[in-house]
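*Asks:* What follows is each chain in one-letter form.
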Amino acid sequence: MAVGVSSDWTSEPDAAGVAVAFPISEQVCVVLGNRPVAAGYWHLELDAPSPACQARPGQFFHLLCPSPDERTTPFFRRPMSVYGADANAARVEFLYKVTGGGTRGLATLQVGDALNMVGPLGRGFHLDPAGRHILILARGVGLATLAPLVQLAKLQGMAVTAVLSARTTDHLLSVARMHRHGADVITVTDADGSSDPDHVEALLRPLFAAGRLDAVFTCGSNRLLLLLKRLAKAHGVPGQVALEQQMACGLGMCFCCVRVFDEADGTAYRRVCCDGPVFDLQTVPAW
Amino acid sequence: MVDLSLEIGRMRLKNPVMPASGTFSEQLGQVFDLNRLGALVTKSVTPEHRDGNPVPRVCETPSGMLNSIGIPSKGLQHFVEQIVPLYSGIDTPLVASLSAPTVDAFAAAAATVSVPGVAAIEANISCPNLEANGHAFAMAPDTTEAVLRAMTAATDRPIWAKLTPNTGDIVAIARAAEAGGAEAVVVANTFLAMAIDIATRRPKLGNVLGGLSGPAIKPIVLRMVHQCSSHIGIPVIGCGGIMTADDVIEYLLAGATAVQVGTATFLHPSAMTKMVETLSAYARTHDVDRLQDLRGAVVLPDDMAMLALAAE
Ligand SMILES: Cc1cc2nc3c(=O)[nH]c(=O)nc-3n(C[C@H](O)[C@H](O)[C@H](O)COP(=O)(O)OP(=O)(O)OC[C@H]3O[C@@H](n4cnc5c(N)ncnc54)[C@H](O)[C@@H]3O)c2cc1C
Ligand SMILES: Cc1cc2nc3c(=O)[nH]c(=O)nc-3n(C[C@H](O)[C@H](O)[C@H](O)COP(=O)(O)O)c2cc1C
Ligand code: FES
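Chains V and R, in that order, are what the protein sequence lines are.
Just so you know, the working numbering puts 252 at position 230 of the first sequence, and the rest follows in order with no gaps.
Just so you know, the working numbering puts 58 at position 36 of the second sequence, and the rest follows in order with no gaps.
No lab work stands behind these hints, which were simulated from the structure alone.
We treat Cβ as the ideally placed atom computed from N, Cα and C, and that holds for glycine.
There may be inaccurate statements among the hints.
[What the hints assert, rightly or not] Not close to chain V: a few residues of chain R, all C-beta gaps over 12 Å, as computed: (1) Leu35; (2) Ser47; (3) Asp73; (4) Thr174; (5) Asn188; (6) Ile242.
[To be verified] Derived coverage of chain V by chain R (criterion: at least 3 residues anywhere in the stretch with Cβ under 8 Å from a Cβ of chain R; other residues may be distant): (7) 45 to 57; (8) 86 to 99; (9) 262 to 271.
[Said to hold, decoys possible] With the C-beta cut set under 7 Å, the calculated list includes, among others, these residues of chain V facing chain R: (10) Val140; (11) Met275; (12) Phe277; (13) Cys278; (14) Tyr291.
Pulled out of the complex, with its shape left as it was, chain V reads as follows:
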């Protein structure tokens, strides 16, 4: 664990447990920047005092999105993975894709506007400090969720191989950021056919075969999830996946965000918001 290192991600409560009384808060944060970065994707930066800026990779916030127009008022909050969190600078970043009323509302935010956020929420990625080399396999908005993990891995002195998939090179969003954090990046796209699961499998096989992977992580594609689950199982490598599900409360109270998981004694429903959103790769069934 990177305790004592001055960095963006060192705020994990130490094992002895310096109990944080109320680790989750509803905060009104000021927008520092909100701009389109590629086809339909926006990058949002906020001034976010503690505890928001203490968010860990894989955790998320629940955002109260403004109305994009007078006919649309998103009633629920919208869950959004933390793309970056800097405890020293008191900053939080999101990378979001405009899909419906809530995210269209987010795209109307101007510098200086206020955004009401609840968080940080959920269980993030667990990075075993003994690991030397991790693999990240991400597609689409899954890149946003996995980008901060690359940064954390680098801080802990691990090598990262990131296989990033998207429709076109324009949709490959955080490649520069992952490069900057020292990842060995391989990109594949639908446009040139390289994102085809068979091709991705051919890319991954040698990495697994070399026996140097200590853990694998994925987000953003069901097909890639199933591929990684199969390879990781065959090679005995532990893995984690960040899942999505519609949410109302985001805190574990309403039980609307459940998914089915494989357990030792059958299947069980788990809440994505508080039991996850990060889960053990091998417990996620094919669906």
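Chain V is fixed; fit chain R with the ligands onto it per the hints.
*Replies:* Below, chain R with the ligands without anything else, positioned relative to chain V:
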């Protein structure tokens, strides 16, 4: 110092704000100190193990939401052994919400959860989205009274009856609950409702039907609280669309003794503590020494008083 306290039957609460069943769990203790609430009401538990309904389990509607969660439950033993102890350090009465398929099962469940740490039992005789297509005990006075009688005979804990707004005559149901021995009625659960995605032509909920909650239902439930409190002697706990302290005051004026807050907590996790703070501030500014002085204090025009209540 403003007095926010109140009595519900044999129980004394420090303030009138508590969560509605199914919209609260121990996780809210990560947001604020649960000691600040008047009571804590747990998610309904059933004697049998239930997985709940297919997803999507919720959807948005104008000024509200639909849910068809389907009461996932790990049974009463799990509740008594795993859930009740979570609140042992908290100095706020714990109310266990129960749901069951038969009168006998309701009574047996009441006995099972009457353990140290459980101060009262809320009988969810109204959940509209169980198997019987929205039919529930609280749809008829005779079944309501039968459940309450059986439960009060099975335990010494106070029983609150949670009513459904889907009945045509909620006053008759409230009277039946009182006759059966309820120490309070909770008015009310969600309205049976539906929404369709016009692009796919499919229902927006996996279970097709669900319950409407949130600000959209407040005026209707407020009317029901007013009618019930005018006709029964036990306290009415108002529940429906409460978002702010102003809504709480409106419910008190209509005749509620206390309130439950559901959907608001999903949008603002700290909504309930904000309400408690604002209620104190309101009472101070308006020279109200005891918040309970507002109970039923709606000023009705003389000749309208009888008319308004006559809608039975
Ligand atoms: C833990 C988590 C992290 C996420 N992180 C990101 C991220 O970093 N970047 C990003 O672009 N998107 C992310 N998403 C997806 C994002 O929440 C949805 O795209 C967003 O809620 C869509 O809202 P809307 O109003 O624009 O769309 P609409 O389709 O109008 O939304 C209607 C309803 O469906 C829900 N919904 C729609 N799509 C999703 C989805 N994929 N997951 C969950 N609920 C959904 C909405 O929340 C809303 O309740 C994440 C989802 C989860 C659960
Ligand atoms: C997601 C959800 C789950 C609920 N589960 C229960 C339940 O288990 N038992 C119950 O008696 N009421 C349940 N309710 C109803 C609420 O307790 C409350 O009566 C209703 O939501 C109206 O209040 P509101 O408008 O403040 O939300 C549930 C409501 C919601 C939104
Ligand atoms: S969103 Fe309410 S339990 Fe997960």
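*Asks:* Taking the hints in turn, state whether each one holds.
*Replies:* So, going through the hints one by one against the coordinates:
no.: 1; hint: Leu35; in the structure: 21 Å, holds
no.: 2; hint: Ser47; in the structure: 5 Å, violated
no.: 3; hint: Asp73; in the structure: 6 Å, violated
no.: 4; hint: Thr174; in the structure: 29 Å, holds
no.: 5; hint: Asn188; in the structure: 21 Å, holds
no.: 6; hint: Ile242; in the structure: 18 Å, holds
no.: 7; hint: 45 to 57; in the structure: holds (count 4)
no.: 8; hint: 86 to 99; in the structure: holds (count 6)
no.: 9; hint: 262 to 271; in the structure: holds (count 4)
no.: 10; hint: Val140; in the structure: 6 Å, holds
no.: 11; hint: Met275; in the structure: 5 Å, holds
no.: 12; hint: Phe277; in the structure: 5 Å, holds
no.: 13; hint: Cys278; in the structure: 4 Å, holds
no.: 14; hint: Tyr291; in the structure: 6 Å, holds
Of the numbered hints stated above, those contradicted by the structure are hints 2 and 3, listed in ascending order.
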